[in-house]
Amino acid sequence: MGPEASLLSRIAPGVLWIGALLACLLSLDRIFALDWEDGSLDLLATAPRLAVRAGGGFGLGLAFFLIVTVLVPFGVGPEASLLSRIAPGVLWIGALLACLLSLDRIFALDWEDGSLDLLATAPLPMEGIVTIKALAHWITTGLPLVLAAPLLGVLLNLPQAGYLWVLVSLALGTPALSVIGTFGAALTVGLKRGGLLLSLLVLPLYVPTLIFGAEVARRGAEGLTVQTPLLMLAGISAGTIALLPFASAAVLRINLR
Amino acid sequence: MSIWEYANPVKFIRATDRVLPWVSALALVCLVTGLIWGFFFTPEDYRQGSTVKIIYLHVPSALMAINAWIMMLVASLIWIVRRHHVSALAARAAAPVGTVFTLIALATGALWGQPMWGTWWAWDPRLTSFLILFLFYLGYMALWAAIENDDTAADLTSILCLVGSVFALLSRYAVNFWNQGLHQGASLSLDAEENVADVFWYPLLVCIAGFVALFIALVFLRTQTEIRARRARALLARERRA
Chain Y
0 MGPEASLLSR IAPGVLWIGA LLACLLSLDR IFALDWEDGS LDLLATAPRL
50 AVRAGGGFGL GLAFFLIVTV LVPFGVGPEA SLLSRIAPGV LWIGALLACL
100 LSLDRIFALD WEDGSLDLLA TAPLPMEGIV TIKALAHWIT TGLPLVLAAP
150 LLGVLLNLPQ AGYLWVLVSL ALGTPALSVI GTFGAALTVG LKRGGLLLSL
200 LVLPLYVPTL IFGAEVARRG AEGLTVQTPL LMLAGISAGT IALLPFASAA
250 VLRINLR
Chain S
0 MSIWEYANPV KFIRATDRVL PWVSALALVC LVTGLIWGFF FTPEDYRQGS
50 TVKIIYLHVP SALMAINAWI MMLVASLIWI VRRHHVSALA ARAAAPVGTV
100 FTLIALATGA LWGQPMWGTW WAWDPRLTSF LILFLFYLGY MALWAAIEND
150 DTAADLTSIL CLVGSVFALL SRYAVNFWNQ GLHQGASLSL DAEENVADVF
200 WYPLLVCIAG FVALFIALVF LRTQTEIRAR RARALLARER RA
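These protein sequence lines map, in sequence, to chains Y and S. All residue numbers for the first sequence refer to numbering that gives the first Met the number 0, where the first residue is 0 and numbers rise by one. All residue numbers for the second sequence refer to numbering that gives the first Met the number 0, where the first residue is 0 and numbers rise by one.
No lab work stands behind these hints: they were computed from the structure. Source: prediction; values computed, not measured. Don't be surprised by glycine CBs; every beta carbon is placed ideally from N, CA and C. Take the hints with a grain of salt, since some may be wrong.
Unchecked claim - Pairwise CB distance ranges, derived in the manner of DEER restraints: (1) S/Arg229 to Y/Leu25: 55 to 63 Å; (2) Y/Arg48 to S/Leu110: 50 to 58 Å; (3) S/Gln47 to Y/Pro77: 38 to 46 Å; (4) S/Asn178 to Y/Gly234: 17 to 25 Å; (5) S/Arg230 to Y/Ala32: 53 to 61 Å; (6) S/Ala109 to Y/Gly76: 26 to 34 Å.
What the hints assert, rightly or not - Far from chain S by the CB rule (all over 12 Å, computed), these chain Y residues: (7) Pro2; (8) Ala11; (9) Gly13; (10) Leu25; (11) Pro47; (12) Val71; (13) Glu78; (14) Ile85; (15) Leu96; (16) Leu100; (17) Glu111; (18) Asp112; (19) Ser114; (20) Ala121; (21) Leu142; (22) Pro149.
Could you put together the complete structure from these sequences and hints?
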């Protein structure tokens with residue numbers, strides 16, 4: 000080919016693409032290999048099922064979300080314009096509370112029957128365990144809430160433009176709620192009546208997520224630009240997912256000592 | 000001779016016993032002079048009238064409410080890294096003091112806000128983040144109280160303090176983004192062009208010094224109490240075993 004600049008610059012994009020593709024291809028077999036070896040795939044497959052059995056499943060959280068949404072018009076009056084103005088915030092608070100309700104079930108059963116001690120001695124690092132537990136919590140609680148939110152929006156007279164943004168903001172924000180909640184659950188895992196304490200510890204930690212999430216939904220419903228809060232919300236989710244499992248794992252290790 | 004020698008509880012108690020009367024006296028003198036000077040010997044503000052005098056309680060307590068949390072953060076870090084029990088106990092001892100300072104700042108702020116803004120409370124960023132800080136203090140103290148094993152409690156609360164600090168900071172900026180405020184900006188900065196006038200500034204400085212000394216004295220005292228209480232519990236446990 001030779002170092003001819005014009006040719007090189009013409010093929011550069013293609014070469015970069017092919018290089019990236021090949022690099023991707025080479026590492027494909029590593030995606031599940033380690034997870035297969037250390038058993039996190041098994042844990043990932045069973046964790047949502049266990050979470051449902053532990054009582055933190057789809058039903059309870061969804062029912063709670065529904066009740067909160069139904070109660071709000073009784074509290075503030077059935078005026079349509081008022082309801083449509085507060086709908087995004089109410090949906091966010093309802094989802095957050097429904098999420099909070101099921102947090103203490105994340106580790107409860109595993110703690111009681113001793114499987115948490117077994118997991119701690121498994122080759123899988125504690126950080127992986129808490130991440131998978133958080134993921135299971137999100138699949139069983141967060142995801143149903145996200146999907147139910149547009150339906151409940153009808154009850155609150157949510158503006159047409161708001162449906163998409165409520166869905167997007169909840170889909171982006173609920174993983175952060177689950178991960179932060181897992182940290183709280185790990186803190187209070189050994190306590191007899193940890194539920195109330197768990198709420199007191201977790202709710203202040205939920206503030207930034209709630210602010211940016213509800214802001215996305217509100218701005219979206221009013222037809223304003225949502226870029227800034229959306230980026231902040233995504234940043235909070237990404238940051239908590241990346242960093243908080245280390246704190247949760249440290250806390251869980253202390254509690255298992 | 001290094002600062003870590005005071006991690007020894009006996010040495011800590013001996014050293015703080017020597018310092019405590021002086022710090023307490025300093026707190027008393029500074030607070031009495033600062034408050035009397037501020038309340039009776041400064042002019043009234045040309046717009047705010049005599050309500051400006053709330054500043055002598057409001058600003059120092061708000062300052063120390065934040066500094067108390069920072070001190071807890073440092074003490075928690077020291078506990079995590081070097082595992083000195085005095086450090087964990089000092090963090091525990093500082094929490095109620097910081098909570099009370101936060102409450103004083105919120106209450107005096109409400110008293111000041113009523114005549115000036117026409118409302119006891121507004122969802123202003125500074126006010127809101129102080130309320131959130133108050134919730135963080137409550138959660139921290141509740142976690143300390145809930146766990147029986149001393150070392151476990153120290154470990155868990157120090158990690159909560161670390162994580163909480165990050166989220167408190169995050170909330171501070173989130174709240175800023177969320178609502179515009181009534182509260183004035185910083186007017187005590189060393190580098191700002193427009194600051195509080197000198198007549199108000201000097202008594203305020205004395206009050207701040209008083210609050211710092213008060214905080215140090217209270218934390219020393221409460222840490223001593225925690226150490227002695229723990230020792231008493233250990234002695235009782237030993238007696239029961241024998």
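Hints versus structure:
1. S/Arg229 to Y/Leu25: 55 to 63 Å: holds, 58 Å
2. Y/Arg48 to S/Leu110: 50 to 58 Å: holds, 56 Å
3. S/Gln47 to Y/Pro77: 38 to 46 Å: Given a distance of about 44 Å, which is inside 38 to 46 Å, the answer is holds.
4. S/Asn178 to Y/Gly234: 17 to 25 Å: Given about 20 Å between the Cβ atoms, the range holds.
5. S/Arg230 to Y/Ala32: 53 to 61 Å: holds, 54 Å
6. S/Ala109 to Y/Gly76: 26 to 34 Å: holds, 29 Å
7. Pro2: The claim stands: Y/Pro2 keeps its Cβ more than 12 Å from every Cβ of chain S (closest is about 50 Å).
8. Ala11: Non-interface label on Y/Ala11 holds, nearest chain S Cβ at 40 Å vs cutoff 12 Å.
9. Gly13: The claim stands: Y/Gly13 keeps its Cβ more than 12 Å from every Cβ of chain S (closest is about 42 Å).
10. Leu25: holds, 37 Å
11. Pro47: Consistent with the label, Y/Pro47 stays out of reach of chain S, its closest Cβ about 26 Å off (over 12 Å).
12. Val71: Consistent with the label, Y/Val71 stays out of reach of chain S, its closest Cβ about 20 Å off (over 12 Å).
13. Glu78: Given that every Cβ of chain S is farther than 12 Å from that of Y/Glu78, nearest at about 22 Å, it holds.
14. Ile85: holds, 15 Å
15. Leu96: holds, 16 Å
16. Leu100: Y/Leu100 clear of chain S: closest Cβ-Cβ about 18 Å, beyond 12 Å.
17. Glu111: The claim holds: Y/Glu111 sits with its nearest Cβ about 18 Å from chain S, beyond 12 Å.
18. Asp112: Consistent with the label, Y/Asp112 stays out of reach of chain S, its closest Cβ about 21 Å off (over 12 Å).
19. Ser114: holds, 21 Å
20. Ala121: Non-interface label stands for Y/Ala121: nearest chain S Cβ at 22 Å, farther than 12 Å.
21. Leu142: holds, 24 Å
22. Pro149: holds, 24 Å
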